[in-house]
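**Student:** Below, each chain spelled out in residue letters.
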Amino acid sequence: MAPVSRRLALSLAALPLAAPPLLGQTLTRMRVSVIPVLDVAPLHAAIREGYFAAEGLEIDTSTTTGGATGLPGLVARQFRVTFSNAVSIMLGIREGLDFRFVSGATRGTETPPDIFAVLVKKGSDIRSGKDLEGKRIASNTRNNIVWLRGMAWVEKTGGDWRRVTTVEVPFPQMADALAGGQIDAAIFSEPFVAGALATHGDRLERIGWPISETTPGGTNAQYVAMKEDLDANAELFDRFARALHRGVDWVNARLTDPALLELIAGFSRVPVERLRQVALPAYPKGVTPAELDALLTTMTHFGLGGRYPATASLIHRTAAV
Amino acid sequence: MRRPVRFSSGVVLVAGLLALWEVSARLDWMQTPNWPPLSQVLAALARDILSGELPELAGGTLLRMAAGLAAGGTAGVMVGLLFATLPLTARLFGPTVELIRPIPIPAVVPPLVLFLGLDDAMKVTVVALTAFFPVLTNTMQGIAAVEAETLAMGRTFGIGPLRRALRITLPAALPYILAGLRVSLALALVVAVVAEMIAGEQGLGHYLVMMQFAGRAPEIYAAVVALALLGYALNRGFLALERRAIHWWFALGRQAEG
Amino acid sequence: MTAERLLRPLPGLCVLALILGGLEAAVDAGLIRRALLPPPSAIAPVLWDMLASGAVLPPLLATLRLVFAGFFIGSAIGVAAGLAMGWFPPVFRLLEPVVELLRPIPKAALVPALMLFLGIGETMKITSVALAVLFPVLVNTLQGVRGVDRVMLDAARTHGWGRAHTLLHLVLPAALPFILAGMRISLGLALVLAVLAEMLAGQGGLGFLILDMQRSFLVRQMYAWLVILAVLGLALNALFLLVERRALHWQPALRP
Chain S
1 MAPVSRRLAL
11 SLAALPLAAP
21 PLLGQTLTRM
31 RVSVIPVLDV
41 APLHAAIREG
51 YFAAEGLEID
61 TSTTTGGATG
71 LPGLVARQFR
81 VTFSNAVSIM
91 LGIREGLDFR
101 FVSGATRGTE
111 TPPDIFAVLV
121 KKGSDIRSGK
131 DLEGKRIASN
141 TRNNIVWLRG
151 MAWVEKTGGD
161 WRRVTTVEVP
171 FPQMADALAG
181 GQIDAAIFSE
191 PFVAGALATH
201 GDRLERIGWP
211 ISETTPGGTN
221 AQYVAMKEDL
231 DANAELFDRF
241 ARALHRGVDW
251 VNARLTDPAL
261 LELIAGFSRV
271 PVERLRQVAL
281 PAYPKGVTPA
291 ELDALLTTMT
301 HFGLGGRYPA
311 TASLIHRTAA
321 V
Chain C
1 MRRPVRFSSG
11 VVLVAGLLAL
21 WEVSARLDWM
31 QTPNWPPLSQ
41 VLAALARDIL
51 SGELPELAGG
61 TLLRMAAGLA
71 AGGTAGVMVG
81 LLFATLPLTA
91 RLFGPTVELI
101 RPIPIPAVVP
111 PLVLFLGLDD
121 AMKVTVVALT
131 AFFPVLTNTM
141 QGIAAVEAET
151 LAMGRTFGIG
161 PLRRALRITL
171 PAALPYILAG
181 LRVSLALALV
191 VAVVAEMIAG
201 EQGLGHYLVM
211 MQFAGRAPEI
221 YAAVVALALL
231 GYALNRGFLA
241 LERRAIHWWF
251 ALGRQAEG
Chain D
1 MTAERLLRPL
11 PGLCVLALIL
21 GGLEAAVDAG
31 LIRRALLPPP
41 SAIAPVLWDM
51 LASGAVLPPL
61 LATLRLVFAG
71 FFIGSAIGVA
81 AGLAMGWFPP
91 VFRLLEPVVE
101 LLRPIPKAAL
111 VPALMLFLGI
121 GETMKITSVA
131 LAVLFPVLVN
141 TLQGVRGVDR
151 VMLDAARTHG
161 WGRAHTLLHL
171 VLPAALPFIL
181 AGMRISLGLA
191 LVLAVLAEML
201 AGQGGLGFLI
211 LDMQRSFLVR
221 QMYAWLVILA
231 VLGLALNALF
241 LLVERRALHW
251 QPALRP
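Protein sequences appear in the order of chains S, C and D.
Going by this note's numbering, the first residue of the first sequence is number 1, and it counts up by one from there.
Going by this note's numbering, the first residue of the second sequence is number 1, and it counts up by one from there.
Going by this note's numbering, the first residue of the third sequence is number 1, and it counts up by one from there.
What the hints contain is simulated information worked out from the structure, not anything from laboratory work.
On the chain S side, residues computed to face chain D include the following (Cβ under 10 Å): (1) I93; (2) A138; (3) T141; (4) N144; (5) T165; (6) Q173; (7) D176; (8) A177; (9) G180; (10) I183.
Note that beta-carbon positions come from the ideal geometry of N, C-alpha and C, so glycine has one too.
Could you build all of it, start to finish, from the sequences and the hints given here?
**Tutor:** Listed below in structure tokens is the structure:
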């Protein structure tokens with residue numbers, strides 16, 4: 001099927017608005033910062049299925065790449081909610097920003113396929129983190145969850161992560177850089193894993209699953225809001241989380257259903273054919289202190305330590321499910 | 001400059017390069033799907049133009065660009081006029097202006113986002129900031145060039161400073177100001193797109209980033225081609241406008257230097 | 001005389017100090033959130049530490065190297081192509097359409113394509129800087145060559161100067177103010193592109209650090225690097241003005 005155009009997606013999103021009983025009542029607009037990746041499928045499902053509208057909310061998504069502006073934008077009150085990876089969120093908290101978890105977004109799965117993968121050039125003799133010592137590995141950003149899981153994989157497979165050079169390469173350019181020999185390995189996340197293997201499959205191969213090999217089911221990304229806003233508008237965020245979590249149910253009920261891929265293709269513009277090869281994450285509703293504690297232990301180990309508040313205090317009631 | 005593109009060696013060269021693009025991609029010399037053939041790029045371009053998506057996005061980009069250009073250009077002329085006519089103001093604010101000027105736009109976007117958000121206000125400001133400096137520099141240069149000869153005359157005739165500025169200095173500096181604006185115009189399009197790439201769901205910049213993330217190479221280059229065409233058209237349009245605006249300047253029989 | 005020279009920038013610096021004081025007060029009064037914009041008094045110690053420890057040097061040198069390499073390559077090609085196009089009509093006819101098509105493309109949008117052809121290393125970064133520099137220099141050179149006084153050209157011809165000789169000894173000097181003006185604009189652009197390239201595929205340099213600090217929420221460090229970047233830009237511009245003044249010393253009337 002041809003990818004659904006944005007306008008079509010928008011008009012589809014608007015259709016169910018006519019159905020709910022709240023018709024005529026003005027919707028509360030909430031601006032949410034997202035990244036155009038698989039992780040935000042439940043949010044888009046909830047928008048399209050009218051779950052937010054049923055709660056009297058209108059969600060205005062703002063797409064940024066890599067979350068560079070998502071969290072600062074949250075601090076600046078440009079967004080009510082921001083989707084971001086757990087490492088970036090915790091680093092902000094370390095620097096005194098009052099982020100609170102409103103909802104879980106994605107975790108790694110217990111078993112492969114992972115949403116992350118370490119790829120190398122076919123025929124290279126790199127098979128483990130040990131082989132990568134003194135070599136160059138690409139990550140889209142340093143100090144985010146992709147990088148952290150990648151470094152954990154390097155260590156797990158016998159390498160010293162301090163002796164591996166991290167090079168920042170944007171996801172879209174990774175496959176070419178790898179195939180061209182400018183980097184020795186790269187930590188990909190989906191859908192770029194599938195993309196790289198589909199287009200460069202004859203020259204690239206996967207040697208590692210950074211999440212399931214190091215922390216099966218490990219945390220990945222969440223939705224956060226500012227504490228101040230949550231305190232003042234707790235009821236609004238209850239509605240937000242209720243609708244979002246209905247979206248999570250919708251997605252989880254369709255993990256093998258083409259309808260999910262069509263939804264993702266609609267907002268991410270990734271062709272459906274490619275999405276068929278993509279590994280999906282687990283879509284949790286909540287965030288647990290245990291997963292955050294485990295994350296902090298890993299972060300501290302890889303040089304991102306510091307003074308963090310008790311993790312339980314960071315989880316808003318909507319994420320304590 | 002010759003206006004109509006005749007069938008010259010240059011056109012042949014362009015055609016040759018475009019053919020090289022098509023062939024290199026068809027034969028996969030780059031060994032990557034991220035180098036799509038020109039024909040696919042043009043097909044994607046045509047499809048997204050006909051669907052109305054690209055015209056809408058480009059319209060938004062152009063609108064923000066024009067607003068920023070107008071604001072930045074006006075401010076540039078006014079500040080330039082102020083600095084040139086009242087040297088004290090130049091000494092007071094000059095260092096601050098000079099300190100802001102060299103900060104690269106990508107570096108000012110993050111702090112600006114904090115204060116102006118992600119939408120039109122931020123993007124227009126970024127464009128205005130970019131457009132401001134070339135116009136400022138050229139205005140001051142233009143005024144410096146006319147000052148001596150013309151102003152003395154105005155003073156002799158007892159024309160007041162404000163009227164002198166508006167009636168003599170400004171028109172005489174016009175070719176310079178327009179040259180500065182033309183530099184700003186090219187920069188403004190770039191910066192509008194860069195700002196759109198960084199944040200918000202607007203314009204051609206956002207389209208470019210989305211398509212990069214979706215791994216759709218033909219669409220990426222379609223956006224680049226669209227930008228090239230837009231930039232070309234804008235420059236041509238501005239040149240035509242400029243020629244009219246300073247027509248009287250030539251009519252005066254003077255040599256424009258800007 | 002020297003005292004006056006020293007006093008000249010004083011009012012400007014006072015205004016700058018006032019602005020910084022105003023920022024400080026605004027943050028203290030809670031008008032601006034500390035997490036977004038730390039007060040100058042919080043940024044200054046970080047800046048001082050960077051300067052004192054010498055930590056500022058490696059990234060600064062990395063960025064400078066990139067700026068200068070791209071600037072010189074781009075300027076050289078721009079001047080050469082501009083002179084050739086302005087002086088030899090067949091060259092103009094050959095290159096004009098290509099130049100006009102490539103010129104308006106935002107160089108930032110080309111970075112992905114450049115990464116494809118040139119990889120993610122220094123070559124790609126230097127090329128993107130050089131590309132940004134090339135076109136303003138080229139266009140200005142062209143304009144300069146065309147602005148050469150007809151009378152002078154006729155005079156050169158009557159004196160039996162060859163075309164090459166005229167180009168080197170009449171056209172080039174006459175076009176120099178334009179070329180230098182173009183180069184000065186380009187120097188600013190070079191810094192912009194250097195920073196952007198470092199942001200997009202970085203391992204070092206000021207652009208990379210600013211983005212890295214921002215992502216890690218080390219806001220004070222981010223602003224400290226931003227200040228260093230601004231001062232670097234200022235210094236480059238001042239340096240260029242100095243060079244320009246020297247190069248044009250014989251041509252006071254044309255000096256901007």
